[in-house]
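Could you slot chain B onto chain A? The hints should help.
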Amino acid sequence: MRIRPVGAHALLLDCDDADQVEAWRAELWRRRAAGDLAAVDIVPAAVTVLLDGVPDPEPTAARIAGWQPGDTDATADTAEVRVPTEYDGADLPTVAGHWGVDVPTVVDRLRRTEFRVAFCGFAPGFAYLAGLPPELAVPRLTTPRTRVPAGSVALAGPYAGIYPAVSPGGWLLVGRTGMTLFDVRADPPARLTPGTRVRLVPAS
Amino acid sequence: MIEVLRAGALTTVQDQGRPGWAHLGVPRSGALDPAALRLANRLVGNPEHAAGLEITVTGCVLRLTRAVTVALTGAPADVRVEHPPRTGSTASGRVRRPGDVGRPLSLPAGAVLRIGPAHVGVRTWLAVSGGIAVEPVLGSRSTDTLSGLGPPPLRDGDRLPLGPPTGPPPVDLVIARPVPTDLRLVVRPGPRRDWFAPDAFDRLRRAAYTVGTDSNRVGARLAGAALPRAVAGELPSEGLVLGAVQVPPDGQPLVFLADHPTTGGYPVIGVVDDVTPLAQARPGTTVRFHGPQR
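Read top to bottom, the protein sequences are chains A and B.
So that you can map any letter, position 61 of the first sequence is 61 in UniProt numbering, and since no number is skipped, the others follow by simple counting.
So that you can map any letter, position 180 of the second sequence is 180 in UniProt numbering, and since no number is skipped, the others follow by simple counting.
Because the hints were derived from the structure by calculation, they are not lab data.
Watch out, some of these pointers could steer you wrong.
[Stated by the list, open to error] Which residues of chain B face chain A? A few of them, derived with a C-beta cut under 10 angstroms, are:
(1) 188
(2) 192
(3) 228
(4) 231
(5) 232
(6) 236
(7) 263
(8) 270
[To be verified] Here's a subset of chain B near chain A, in silico, CB distances under 10 angstroms, partners left out:
(9) 20
(10) 23
(11) 134
(12) 137
(13) 138
(14) 144
(15) 147
(16) 148
(17) 152
(18) 189
(19) 190
(20) 191
Please read all numbers here as calculations on a predicted model, not as lab measurements.
Yeah, the Cβ is synthetic: ideal placement off N, Cα and C, and Gly gets one too.
If we strip away everything but chain A, and leave its shape as in the complex, we get (with noise of 0.2 angstroms):
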């Protein structure tokens, strides 16, 4: 891991992987609800994280490159959300020809996977899921759908993700779930939290 300075109120921490990402953002959103940390925004991303709204950056870097982030482990025994998903997207078959199998299978390899919330981004409540492994990496569309509906359950890169809102988007649809995935008179208002283990269960 490695810190880089983002202007003058900011911090980034290049990890290594995600596993590391994942155990840094536990470690720094635990030290800041001590009190250990002042960050307005701690935000993990593929391989980073962003401390945002630090009021003191120099001294920070050099406090947190003497700590050691804890086991990814310890996000392990928080609750499982279980999406309910309608395998009928448009793109299962392109998928499936990524992928060289039917698709049944896709359906079945999506069921079985625990994906883990790696990040938000791109819309409120947008939750990057990771756990697929990286062969199944599958490219956007070359040309994005204007109108993408709430709740379409897609596939781009290493990531499943979920739009919470109609949106643009460029995204592999692989099916639809009817879950409410961000509200602003929730809290937290994301359904899908950086860190949240997440099953796409078939709905029916």
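Just chain B, lined up with the frame of chain A:
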């Protein structure tokens, strides 16, 4: 209550934004010049975090259904007030008087406030005593033009509730900061400076850039010397900060403003210390960067 008689090109409710939710993909949003809105709030006796309006370029026309104090900060514009005669006044017919940016204006119930086009700059902030009391979303009343959180941009005929007035103003006049036509912004090295050619950061600080017409609350697009990459390929998505100078494949930098996305996949070469001058940068404005090497 505020009745929107003419909403203008883009008038939005803004306060100090909703930082602290970036890990859920929620942008910070908030006034593009938060200090200017805080100042307007102080002029009318509001707490600094009260919601006001951010008015873009063309101005707007509002009717205030109750007696209020209002104040404008930011881009200078002609301000006109029209209202029925006050009780006890000998005037007949409606009273018309000019207002001013940077000075509180006391308005009787039923007054119409006409804010004209910005003379220079882009955005003017309006505070109304009591603050705009639309329902907060995740602790903020700001319109986020990227994610759609918060109230939608104002439309003709909208009615906005006001909160109870909170107290006498602590200041009664501010000296308007002149809106610069040439911007000089402090930029510090960003996290992915090493993704660019060795001289790219120097090039950013030597060249003059021009603000593009497709700039908005999400970011200021700049045109000028291209910043060539040293590392090809895609950067995995990573967290973005306010002021991040992101460089897409065409090499033309984009400076992120309040409604910026929480993560992005293009490398960030630098970070601007204070982006608020960009809130007033019209297309064609010249921007120069300076700042520390490390």
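The hint names residue 188 of chain B as touching chain A; please verify it with the least Cβ-Cβ distance against 10 angstroms.
5 angstroms, holds
- request: Closer than 10 angstroms between Cβ atoms is the bar; does residue 23 of chain B clear it against chain A? Give me holds or violated.
  value: Cβ of residue 23 of chain B sits 5 angstroms from chain A, so the hint holds.
Hinted contact residue 20 of chain B with chain A - closest CB pair below 10 angstroms
6 angstroms, holds
Are residue 147 of chain B and chain A close enough, Cβ to Cβ, to be under 10 angstroms, as the hint says? 5 angstroms, holds
Does the nearest C-beta of chain A fall within a distance shorter than 10 angstroms of the C-beta of residue 232 of chain B? 17 angstroms, violated
Item to check | residue 190 of chain B as chain A interface residue, shortest Cβ-Cβ below 10 angstroms | outcome: 6 angstroms, holds
### Message
Given a cut of 10 angstroms on the nearest C-beta pair, is the interface hint for residue 148 of chain B held or broken against chain A?
### Response
8 angstroms, holds
**Report entry** Proposed interface contact between residue 138 of chain B and chain A, which counts if any beta carbon pair is under 10 angstroms
**Finding:** 6 angstroms, holds
Item checked: Restraint satisfaction for residue 270 of chain B [CB to CB of chain A, less than 10 angstroms] -> 8 angstroms, holds
Quiz item: Going by Cβ atoms only, is residue 152 of chain B closer than 10 angstroms to chain A?
Solution: Hint on residue 152 of chain B: violated, closest Cβ of chain A at ~14 angstroms, above 10 angstroms.
**Item:** Evaluation of the interface hint that places residue 236 of chain B against chain A, nearest CB under 10 angstroms
**Value:** 3 angstroms, holds
| query | Does residue 189 of chain B pass the interface check with chain A, least Cβ-Cβ distance below 10 angstroms? | reply | Constraint on residue 189 of chain B satisfied, holds at 7 angstroms.
When the structure is compared with the earlier hints, violations turn up for hints 3, 4, 5, 11, 17 and for no others.
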